[in-house]
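4 protein chains.
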Amino acid sequence: MTWAESADFFGQRGERFAENVRNYYRYCRSRDLFSTHAIVNPQTDRSKGSHQHDDAFAHLGVVEETKDGLIVRGAKMLATHGPTADELLVYPQPGIREGEERYVLAFGIPCATPGLRFICREPFDMGNQSEWDHPLGARFEEPDAVCVFNDVLIPWERVFLYGDVKMGNALFAQASIRNHTGHQTAIRGLAKCQLVTGTAIAMTRAIKSDSFLHVQEQLGELLAYLQLIEGAILMSERNAEPTGRGAVRPAYAPLQALRYHLPKMYARMVEVTQVLGAGGLLVNPMEADLRSEIGGDIARYYRGAGVDAERRTHIFKLAWDITGTQFGQRMVQYERYYAGDPVRVGAGYYLDHNVEHLLAQVERALKGSA
Amino acid sequence: MTWAESADFFGQRGERFAENVRNYYRYCRSRDLFSTHAIVNPQTDRSKGSHQHDDAFAHLGVVEETKDGLIVRGAKMLATHGPTADELLVYPQPGIREGEERYVLAFGIPCATPGLRFICREPFDMGNQSEWDHPLGARFEEPDAVCVFNDVLIPWERVFLYGDVKMGNALFAQASIRNHTGHQTAIRGLAKCQLVTGTAIAMTRAIKSDSFLHVQEQLGELLAYLQLIEGAILMSERNAEPTGRGAVRPAYAPLQALRYHLPKMYARMVEVTQVLGAGGLLVNPMEADLRSEIGGDIARYYRGAGVDAERRTHIFKLAWDITGTQFGQRMVQYERYYAGDPVRVGAGYYLDHNVEHLLAQVERALKGSA
Amino acid sequence: MTWAESADFFGQRGERFAENVRNYYRYCRSRDLFSTHAIVNPQTDRSKGSHQHDDAFAHLGVVEETKDGLIVRGAKMLATHGPTADELLVYPQPGIREGEERYVLAFGIPCATPGLRFICREPFDMGNQSEWDHPLGARFEEPDAVCVFNDVLIPWERVFLYGDVKMGNALFAQASIRNHTGHQTAIRGLAKCQLVTGTAIAMTRAIKSDSFLHVQEQLGELLAYLQLIEGAILMSERNAEPTGRGAVRPAYAPLQALRYHLPKMYARMVEVTQVLGAGGLLVNPMEADLRSEIGGDIARYYRGAGVDAERRTHIFKLAWDITGTQFGQRMVQYERYYAGDPVRVGAGYYLDHNVEHLLAQVERALKGSA
Amino acid sequence: MTWAESADFFGQRGERFAENVRNYYRYCRSRDLFSTHAIVNPQTDRSKGSHQHDDAFAHLGVVEETKDGLIVRGAKMLATHGPTADELLVYPQPGIREGEERYVLAFGIPCATPGLRFICREPFDMGNQSEWDHPLGARFEEPDAVCVFNDVLIPWERVFLYGDVKMGNALFAQASIRNHTGHQTAIRGLAKCQLVTGTAIAMTRAIKSDSFLHVQEQLGELLAYLQLIEGAILMSERNAEPTGRGAVRPAYAPLQALRYHLPKMYARMVEVTQVLGAGGLLVNPMEADLRSEIGGDIARYYRGAGVDAERRTHIFKLAWDITGTQFGQRMVQYERYYAGDPVRVGAGYYLDHNVEHLLAQVERALKGSA
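Chains as they are written, first to last, in the working numbering: chain P, 60 to 429; chain V, 60 to 429; chain C, 60 to 429; chain A, 60 to 429.
Please note that the accuracy of each hint is not assured.
A pair holds if it fits inside one copy or across any two, identical chains being indistinguishable in the list.
Dumping the calculated EDC-like pairs for lysine to aspartate or glutamate here, alpha-carbon to alpha-carbon at most 20 Å [claimed, not checked]: (1) Lys267 with Asp114; (2) Lys267 with Glu415; (3) Lys426 with Glu346; (4) Lys225 with Glu160; (5) Lys251 with Glu200; (6) Lys426 with Glu200; (7) Lys426 with Glu190; (8) Lys126 with Glu78; (9) Lys251 with Glu415; (10) Lys426 with Asp367; (11) Lys426 with Glu415; (12) Lys107 with Glu159; (13) Lys225 with Glu74.
Since the hints were derived computationally from the structure, they do not count as laboratory data.
Input sequences plus hints: build the corresponding full structure.
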């Protein structure tokens with residue numbers, strides 16, 4: 060949506076690119092297509108730019124232009140739901156250097172395009188988990204994939220941006236992408252943080268460890284994070300700004316603040332939940348055990364404070380699924396890297412920030428004493 | 060103001076208390092009086108309640124009731140600006156136990172009341188600091204004091220609350236005090252945080268250490284805190300709630316979240332500023348040196364990146380005044396303890412919080428898999 | 060071994076208990092038996108003591124004494140390798156309160172004793188993991204279990220301690236158990252920390268992200284922890300003390316310092332490894348994929364810096380197995396709680412510590428200025 | 060001492076340099092001279108090398124060689140006790156780049172050498188503090204200074220190293236300087252850490268706040284750090300290695316681990332002490348007040364738990380002097396930067412470390428599963 064609204068940005072290199080973006084938006088909208096995206100280069104050698112690798116197509120780049128479109132080769136990561144989505148969106152992120160023209164590419168193609176292959180990571184749910192034992196992992200596993208392009212044709216009408224380093228670096232900001240992805244990232248993050256906090260509370264109540272002062276403080280810490288997150292989202296909406304193209308977009312500054320801090324808060328919440336769950340996270344039997352001959356022993360010895368053994372075990376299962384399983388740890392890692400390397404997110408936030416009002420405050424402090 | 064608006068709370072024990080509160084508010088307002096307050100008991104023995112000390116009046120309590128008012132004896136801390144204010148407000152904080160009736164007291168009296176003495180801590184500015192050398196400390200030192208009551212008469216018309224443990228514990232919440240003090244605490248904290256962040260930026264720019272990635276990240280971290288603080292304040296205003304007495308008050312939850320997290324953010328900002336200032340914080344000459352025969356050497360060797368030696372030194376002086384002087388460290392400690400023991404602030408936040416919507420979310424996660 | 064050496068401790072309640080301990084040691088040694096242990100009460104209701112539960116045998120306790128031995132009922136956790144071990148050792152930990160006599164019990168019995176049941180948690184390796192995909196988890200999974208005693212007879216010759224709160228609280232210190240378990244805990248922890256650190260280094264070298272300053276710093280931080288751990292172990296050996304019974308034991312103070320800090324270091328190492336692994340931890344295909352028709356694409360696009368795709372993937376698999384799988388997160392949790400609740404470990408360390416030399420140092424600082 | 064022992068290192072550029080070092084050592088030793096040192100370049104513009112500044116002598120460098128010696132100009136920091144020492148030692152630190160030959164300099168000269176000037180920072184003790192009020196600051200203030208060289212002649216017999224980038228970078232390691240300075244840094248750090256820990260304990264005991272679990276945990280955390288520090292020092296001595304010149308030096312690895320971690324531990328200790336001191340750090344009257352007419356009030360209301368008001372106040376004064384005064388905060392900053400920028404200390408630790416045994420461990424983990 061923000062792409063179509065920002066079509067004039069793409070139009071800088073020719074009106075047909077603007078038109079491509081608008082048409083693609085209408086196409087996806089009218090068919091209600093499910094889209095994934097891949098925007099990061101494979102790690103290969105992090106000390107080198109895309110153009111400095113021995114293999115010129117280690118990272119996705121253009122092999123040649125034809126009258127039908129661009130022939131592209133190489134790999135991009137990390138497309139979540141790659142194999143199950145309808146469409147794949149590829150676009151560049153800031154940080155592109157001179158000489159990397161060949162690798163500046165924005166386009167959208169069907170996932171089923173010939174020559175395009177999704178190589179998935181090992182599945183975390185092999186299909187043999189009970190939903191009771193893994194309340195989240197058995198239901199919500201999302202495959203992550205590397206996209207490999209073996210000389211794939213990107214038809215001209217699906218090319219949005221190509222070969223322009225400056226535009227590649229500007230896209231994220233100028234097409235409002237950072238605003239809109241930032242907003243959905245924050246909303247998604249808030250929902251996850253609420254679930255972790257609620258689970259930590261339910262868990263400690265199940266064994267009344269929430270009667271201890273230091274446990275209460277940690278739960279208070281988590282609850283307070285939720286308010287900070289919600290407040291920043293609210294501010295992004297309250298300070299929404301016109302795009303200059305007839306729409307508004309949520310303010311960038313509070314959203315990007317969450318991009319930096321929310322993954323740290325989330326990791327902290329997961330850690331606190333593990334710490335408060337203690338050994339109880341490592342003793343939970345399986346659903347099948349509850350219905351077996353040992354069910355009686357479980358019913359007697361796995362009880363909590365005012366909750367029966369089945370209920371207590373189920374809550375602890377949920378806590379482990381959030382904090383200790385591959386599903387849970389992937390979520391931690393996913394939030395951490397969804398917005399790119401946190402060090403660069405923080406650094407970029409400083410570099411992009413208008414700090415004049417802060418420096419003016421410093422000036423007043425100095426002047427008063429001059 | 061919130062006291063007068065909540066006069067009916069005080070009226071629970073007799074209409075005259077409500078009247079006292081209203082009159083006191085009008086009195087202070089019409090004379091534009093400057094008020095300080097003291098609400099914490101002296102540390103003495105933290106393992107004991109007020110009523111368990113050998114000296115029954117180690118903590119401020121009532122000696123006797125007379126027809127003119129209450130005779131009170133004992134000490135309260137920490138009255139900032141005690142000796143320079145017009146009026147002193149004393150009121151109880153939550154956490155009072157049965158048996159401590161004698162110590163539950165809310166009243167307002169002139170600082171100049173006979174028998175009332177303010178014992179100040181050692182001044183941090185002995186009057187010999189140049190404003191240039193200590194841009195903040197030489198101008199904004201605030202004396203902190205313990206209030207000692209040697210059988211002071213509190214006239215009945217100045218007594219607002221007395222002897223009721225339940226009301227003493229409820230006052231903070233029910234009279235909206237926690238909302239309004241929370242709001243001003245947050246605004247004050249935001250202003251301080253902005254000054255520290257601005258100073259850290261000005262300082263690193265003065266020596267271009269902000270060209271390093273890891274320095275940029277730390278500045279980004281600080282800038283992002285500012286957004287979280289501002290967002291939570293905004294949310295407290297956006298979610299303002301009716302007091303039921305014809306006024307509104309800012310929402311408690313986001314403000315209390317700041318009460319817990321803002322002092323930690325502030326301490327972190329001070330730490331980052333010290334880390335980024337490095338050895339440069341420990342070599343600054345005095346204003347007098349700049350004007351002396353060694354002024355030439357200083358001009359040559361204390362230069363920064365694009366700023367002259369005087370400017371660079373002045374910025375680093377400000378940074379040290381915020382982070383390394385008694386003035387600066389008192390601010391850290393003041394924010395940390397303004398709202399009471401952070402452990403109890405966090406714990407209380409959990410205990411007071413309505414978490415039903417979070418537990419409902421847990422329930423949905425469990426139900427889906429039942 | 061330390062039990063036998065401390066037999067006189069057990070002998071305080073009768074020489075036969077000392078004899079039992081000595082015989083049991085010889086018995087296990089001569090048969091080379093593999094022993095597990097269970098020393099923590101189930102969580103049930105953490106706000107209550109063992110004797111305050113509705114079910115008097117929620118926690119393991121004595122039902123009656125018979126001429127053959129003690130009949131015990133209830134549960135203990137957390138016996139790692141419970142079902143595969145030969146013998147089970149049960150003993151009390153400090154923190155027992157008056158009134159809990161019935162629950163003070165030390166004994167050793169065969170795991171195959173009638174009426175004793177081990178209820179295992181859900182296995183993390185269901186037997187379908189390739190060793191290449193899970194270099195650790197597919198080989199070293201350790202089952203954790205709750206031990207349930209359904210009126211189990213503990214023969215008198217296997218009872219070591221019974222019904223004495225004071226001795227129950229003293230056992231850990233006076234029988235040198237805390238010294239010897241502390242030593243093995245530290246050695247085990249060091250080995251794990253070395254493996255994580257080595258893996259983090261191998262991983263960043265595989266993609267040359269170790270060319271960045273901030274990555275180098277984090278690797279330096281990890282390497283430095285290893286020295287702190289090794290130094291404390293060395294000191295415990297260097298300051299070994301006579302037990303007064305003809306043997307020596309490693310010094311307690313440095314070992315207990317590791318008990319508090321090592322799990323935090325370990326969790327930090329795991330976190331750093333995840334942060335440095337970034338998205339690369341979430342894209343690894345399975346061994347079978349390498350040998351399949353997509354092997355060529357993997358070979359081309361999963362290469363690292365000077366290492367081929369198979370090698371790079373294998374290293375990242377190891378990193379994920381340490382940090383992101385249930386196997387890896389269980390290790391984090393296991394280290395965190397092996398020595399009991401960290402808050403109480405830290406608190407107990409203070410309460411047990413001889414701090415006279417530190418207070419003397421304070422005295423000198425004060426005296427010099429008196 | 061380590062300089063003389065490593066004289067052959069300096070001899071690589073001519074035997075006379077070796078001779079200079081040996082003579083200087085004998086000279087200082089026989090006269091029992093007190094030496095300071097300055098090894099860091101002024102901050103000026105941190106994005107530039109010494110040779111890239113507009114002013115070629117912003118950083119200390121050689122103006123010309125004469126038959127009598129080198130004429131040097133520019134500034135070096137941070138010489139503690141500069142003006143009160145006998146001799147000044149200057150030497151290069153690792154990190155010198157090609158092109159900076161002119162700035163590679165090691166020499167030792169009298170502090171009273173003509174043309175050499177020490178510009179001190181503002182004193183923290185203006186001579187008006189009572190020793191009772193400032194038990195440390197009024198007695199142990201150490202002036203820090205920038206050394207300015209206005210065309211100072213360094214006689215040839217006092218030149219130890221000059222103009223060799225490679226040797227400048229190697230000096231720290233090859234002349235065992237990092238070992239010996241690391242050892243004294245660690246010993247000094249341990250003593251400071253012991254004093255802070257002791258003070259935190261004395262302070263909490265004075266008001267019995269050490270009866271709370273979460274306070275106990277924090278004191279345990281601090282005590283445990285002391286063991287880690289002591290252990291690493293012990294290991295450096297236990298693993299002392301021959302220099303190849305007939306002496307031994309303490310092992311580098313554990314000492315450098317402390318260089319990285321000890322300042323963080325120290326800052327943490329200071330923070331914990333502030334947190335535990337709470338408002339009590341901000342209410343202490345002056346010594347003179349105790350002897351004045353308000354002495355009675357102080358005696359009554361500043362008492363602690365089993366300690367009188369004077370004692371309690373004195374302990375809190377010490378705690379504030381360590382944590383809140385310029386004296387105290389300078390110590391935090393001094394430890395933080397004594398060994399150079401912590402980020403680079405950590406990074407260098409990784410780059411210098413022999414990690415073969417760790418990588419071998421990784422190999423075993425991978426091989427077992429190959």
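Give me the numbers of the hints this structure contradicts, sorted from smallest to largest.
The structure conflicts with no hint, since it agrees with every one listed earlier.
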